[in-house]
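Undergrad: Work out the full structure: start from the sequences and follow the hints.
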Amino acid sequence: MNRGLILKFENLVQLHGACRQLRTLSYREVNGAQWKPVQSSAHPVWSVLYPQFWQKDKFISIALSQHRHLATKEDTKKKKKKIPLTQGEVEIRQKMTIEELAQAMGKDIDHIFEALLYTDVDLDSLEPDSILHEDHIKLIVKKSGMKYKSAKLKEEKERENTDAMFLFNCRPPADPALLTPRPPVVTILGHVDHGKTTLLDSLRKTQVASMEAGGITQHIGAFLVHLPSGEKITFLDTPGHAAFSAMRARGTHVTDIVILVVAAEDGVMQQTIESIQHAKRAGVPIILAINKCDKPEANPERVKKELLAHDVVCEEFGGDVQAVNISALKGENLMVLAEATVALAEILELKADSTGLVEGTVIESRKDKGKGPLTTAIVQRGTLRKGCVLVAGKTWAKVRFMFDENGKAVDAASPGIPVEIMGWKEVPSAGDEILEVESEQRAHEVVAWRTYVEQQEKMKKDEEVIEAKQKEHRTEYEKKQQKLAHLTWRQRKAVLYKTNKHLMFSRPKERTEMDKNVLSVIVKGDVDGSVEAILNILDSYDADDECKLDIIHFGMGDISENDITLAEAFNGVVFGFSVKANESIKQLAAKKGIKIKLHNIIYKLIEDLKGELNSRLPPAMVENTVGESSVLDTFSVTVGKNKIPVAGCRVQKGLLDKAMKFKLIRNGDVIWKGFLSSLKHHKHDVQVIKSGMDCGLSLDKSIQFNIGDEIICYEEKEIQQTTSWDPGF
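Residue numbers (my numbering): 3 to 731.
Some hints could be false.
Said to hold, decoys possible - Here are the simulated DSSO-like cross-link-like pairs (lysine-lysine), alpha carbons at most 30 Å apart as the crow flies:
id : residue 1 : residue 2
1  : K606      : K588
2  : K410      : K353
3  : K369      : K582
Quick caveat, the hints were computed from the structure, so don't treat them as lab data.
TA: Here you go:
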């Protein structure tokens with residue numbers, strides 16, 4: 003009878019449906035004849051209690067056989083259509099998600115999670131869109147009382163490589179007869195505040211330094227300088243701050259010559275060494291510019307000697323590095339430096355092919371409200387003209403306009419010439435290689451291929467992470483199984499069920515507890531290079547155990563309403579670098595309680611971010627000692643039927659305040675913490691005992707004292723913790 007008590011709803015539905023069909027057939031009037039119910043002895047009453055032994059299709063066929071001569075052709079056709087398909091067979095395939103499997107089985111997601119309770123899968127890490135292993139899919143289907151069949155796999159044809167880079171790599175080298183001289187591309191490198199921007203300002207006669215915050219160049223710029231001799235030099239102005247080491251490294255990739263600026267009074271500094279390393283890794287020759295030689299404390303010879311330790315040997319010491327003493331502020335010896343640069347360029351014989359398809363490099367990219375996505379680029383091969391179709395990264399452009407460093411429109415740009423390009427569909431990343439293609443259709447093919455390759459690489463990495471996680475969980479599962487090896491099968495299942503039972507009643511989203519110590523940030527910058535530099539600093543964050551740093555979005559342009567909405571969803575903070583937030587955005591942020599932090603100097607932005615991290619750390623409890631005393635004698639007093647230990651003490655330092663906390667120290671170990679139950683001087687209860695006075699005291703817990711024990715009076719104070727993360731400046 004137990005089986006009758008656990009009838010499934012599904013079987014009851016089948017039973018009810020069969021009875022209705024039988025009743026209809028038994029009482030139906032066909033051709034004017036009234037038929038009485040027919041009872042088959044093949045199926046007694048007890049079959050109702052055991053519907054699993056009752057074959058519905060067979061029962062209906064018996065009833066039909068008794069009335070076959072009355073059935074019409076139309077009834078026969080209808081009956082044929084009602085024959086059910088094979089039930090309980092699930093079509094499975096590789097990489098099915100939990101949601102897809104639930105739909106294929108006709109079950110809800112909770113059913114899948116319940117079936118996974120007895121596997122080695124970590125349920126806390128699963129979401130409805132999580133991919134299941136094929137073994138787990140088969141196990142779930144089996145545990146659900148169903149059969150599975152594998153879906154036919156569609157063989158994906160291997161896609162043809164349509165990347166423009168593939169064709170450019172096959173491009174033959176330029177014909178020497180077509181090579182023409184080009185301007186050298188020079189990068190100014192050096193330490194913070196050693197005069198790099200002032201040097202460029204003096205060379206190109208513009209006031210860039212006066213517009214920059216904190217005296218630090220905030221992003222890369224490329225400029226063409228015309229010398230009185232008629233020579234042209236293209237300068238890359240890279241930031242000198244430590245935060246922009248990645249940008250400096252990128253600048254040397256397209257550089258022919260590096261001018262290393264070192265202040266004569268400071269000598270070699272940290273960023274000076276990094277600049278030397280960037281130049282050497284890129285295989286670029288160095289010219290030494292010793293700046294601020296007009297100052298009385300200047301010592302150029304010391305600078306040259308310090309550089310010997312970093313394998314920068316000047317010509318006077320037998321090396322090949324030219325050294326020029328200059329004063330960028332007063333304009334002294336700048337022409338000597340320019341001539342040294344031109345002379346080195348002649349030795350290098352810098353030439354390029356100005357014909358054929360264009361090749362170049364993105365130096366900087368930004369988004370302008372009126373012009374859209376813009377890039378500063380240097381052409382390395384071919385001649386760039388209006389109407390050219392370019393590809394860079396995963397975006398493309400049809401060149402609409404080109405501008406020089408002064409914002410003047412130009413029609414063409416030959417190799418070595420910096421130019422600002424307008425017409426990009428999206429903003430490419432700084433450092434991306436620019437390639438010209440034949441048509442817009444070809445550009446679409448290249449971008450589609452690169453997007454496809456990136457997706458494949460991401461899928462491969464995700465699979466590796468998933469496999470590593472599964473291996474880790476499998477190891478933990480095996481360890482748990484070993485602990486339960488002495489139990490029977492039923493006992494093991496019962497233990498596992500009790501352990502994981504609480505997980506059945508919550509969805510994956512509900513099971514994930516949000517960590518309170520999380521700082522979610524949105525980073526917006528004026529140009530791509532600035533955002534990249536900030537993200538590189540944040541990549542060095544190594545204090546996740548204290549407070550997790552989560553970058554939920556980053557991009558270029560002013561603060562928008564979408565940024566505020568996203569920050570509200572994640573309870574985050576918006577950080578802007580050299581961008582603006584209009585009044586409506588500020589009012590919206592204030593209404594929603596979202597912080598907007600705007601900065602023009604990068605190290606102040608990072609300091610502000612550290613302050614936000616500190617505010618999310620839980621306060622730390624600090625014990626401040628108020629008084630110290632030692633136990634000189636021990637005795638006990640009788641209170642009612644209980645004997646209470648009492649310590650005779652002398653205050654050696656500070657005071658003992660009964661209202662504060664105390665701790666008992668014996669042989670250097672704290673054996674008790676709490677409050678005093680009594681504090682007496684002679685026979686009088688007192689609140690405070692000062693230094694040098696004797697007293698008797700008892701604790702709120704019955705603990706025996708020893709002569710020589712220390713009793714410390716202390717107070718607890720909450721202090722704000724600070725993050726241990728060091729961004730490097």
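Undergrad: Are the hints correct? Go through all of them and say.
TA: Going through the hints against the structure:
no.	hint	in the structure
1	K606 - K588	21 Å, holds
2	K410 - K353	26 Å, holds
3	K369 - K582	13 Å, holds
Of the numbered hints listed earlier, not one is contradicted by the structure.
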